[in-house]
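The task is simple: from the sequences and hints, build the whole structure.
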Amino acid sequence: MVGSLNRVMEESGEPQLDAKSKVTNQLIDFQWKLGMAVSSDSCRSLKYPYVAVMLKVADHSGQVKNKSFEMTIPQFQNFYRQFKEIAAIIETV
Amino acid sequence: MAAELEGSKSLSGLLSGLAQDTFYGHPGITEELLRSQLYPEVSPEEFRPFLAKMKGILKSIASADMDFNQLEAFLTAQTKKQGGITPEQAAVISRFWKSHKTKIRESLMNQSRWDSGLRGLSWRVDGKSQSRHSPQIHTPVAIMELEIGKSGQESEFLCLEFDELKVNQVLKKLSEVEESISTLMQPA
Numbered sequence: 001m002v003g004s005l006n007r008v009m010e011e012s013g014e015p016q017l018d019a020k021s022k023v024t025n026q027l028i029d030f031q032w033k034l035g036m037a038v039s040s041d042s043c044r045s046l047k048y049p050y051v052a053v054m055l056k057v058a059d060h061s062g063q064v065k066n067k068s069f070e071m072t073i074p075q076f077q078n079f080y081r082q083f084k085e086i087a088a089i090i091e092t093v
Numbered sequence: 001m002a003a004e005l006e007g008s009k010s011l012s013g014l015l016s017g018l019a020q021d022t023f024y025g026h027p028g029i030t031e032e033l034l035r036s037q038l039y040p041e042v043s044p045e046e047f048r049p050f051l052a053k054m055k056g057i058l059k060s061i062a063s064a065d066m067d068f069n070q071l072e073a074f075l076t077a078q079t080k081k082q083g084g085i086t087p088e089q090a091a092v093i094s095r096f097w098k099s100h101k102t103k104i105r106e107s108l109m110n111q112s113r114w115d116s117g118l119r120g121l122s123w124r125v126d127g128k129s130q131s132r133h134s135p136q137i138h139t140p141v142a143i144m145e146l147e148i149g150k151s152g153q154e155s156e157f158l159c160l161e162f163d164e165l166k167v168n169q170v171l172k173k174l175s176e177v178e179e180s181i182s183t184l185m186q187p188a
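For the protein sequence lines, the chains are C and W, in the order given.
With the first letter of the first sequence counted as 1, position 28 gets the number 28 in full-length UniProt numbering; the numbers rise by one all the way through.
With the first letter of the second sequence counted as 1, position 179 gets the number 179 in full-length UniProt numbering; the numbers rise by one all the way through.
Please keep in mind that the hints were generated in silico from the structure rather than gathered at the bench.
Derived list of chain W stretches under chain C, where covered just means 3 residues or more per stretch with a C-beta under 8 Å from a C-beta of chain C:
| id | segment |
| --- | --- |
| 1 | 109-119 |
| 2 | 173-184 |
The list that follows gives simulated cross-link-like pairs (lysine-lysine, BS3-like), each with its CA atoms no further than 25 Å apart:
| id | chain 1 | residue 1 | chain 2 | residue 2 |
| --- | --- | --- | --- | --- |
| 3 | C | 47 | W | 55 |
| 4 | W | 55 | W | 103 |
| 5 | W | 53 | W | 103 |
| 6 | C | 33 | W | 150 |
| 7 | W | 55 | W | 80 |
| 8 | W | 166 | C | 33 |
| 9 | C | 65 | W | 173 |
| 10 | C | 65 | W | 150 |
| 11 | C | 84 | C | 67 |
| 12 | C | 84 | W | 173 |
| 13 | C | 67 | W | 166 |
| 14 | C | 47 | W | 59 |
| 15 | W | 80 | W | 9 |
| 16 | W | 101 | W | 55 |
| 17 | W | 172 | C | 84 |
Ideal placement from N, C-alpha and C gives every residue a C-beta, glycine not left out.
This is how it looks when you write it as structure tokens:
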């Protein structure tokens, strides 16, 4: 998985405008499932585990949406590792 | 069978072409293209069943995700069959599977994923900031952008904001996933 790290720590003495260049959402809920793909019509012996994630997110207006996606195990490990990094940094800021 | 078909020289190229078409989904790899490029001396009528045979063998190997023992046994059986393959051809197929197995398997996995996959992830942490106009001190916030998309479709970008509390909540869930994975991966 291509993941780029962008670490910018901003400290400013000026009032920060709420406007952001991207619309950000709040995470309301995080559901996960560990699945195992066993077989498919193109491959009888798939046998691969995957992590399926269902995010419930709310935008600024309060509208709630569900977003789901899947990760392979290596992708998940990378995802987890990056979250741990975020946690370590956010703690020290 | 035409002598050219029995040889193994062009077989490697044929298997590559078959993989492109069957697994990687590249368009335009027709029977005629393969014949004219790799077996120009062979007639279309003779080529067709030969191509079907090789395609069938490759699909069987991929579908069963054969390990090397299974592969050897399978190919040996094919050499003993009436209208099967030659030992030289078996060797070419064996070499091909060994070097392409991982990539073909990945293609098959992607083909069977119908939900979005995670294509990319980037993030930053915004630090404390103070406003001279407001006594509020903003708490640190993590901004994360997830790039998700279905096979063959354009990516969707989802931007999320987390405070420290939320990061830790998610982290806890992720450690639960990790634990489940460990349990699953434990040898029986």
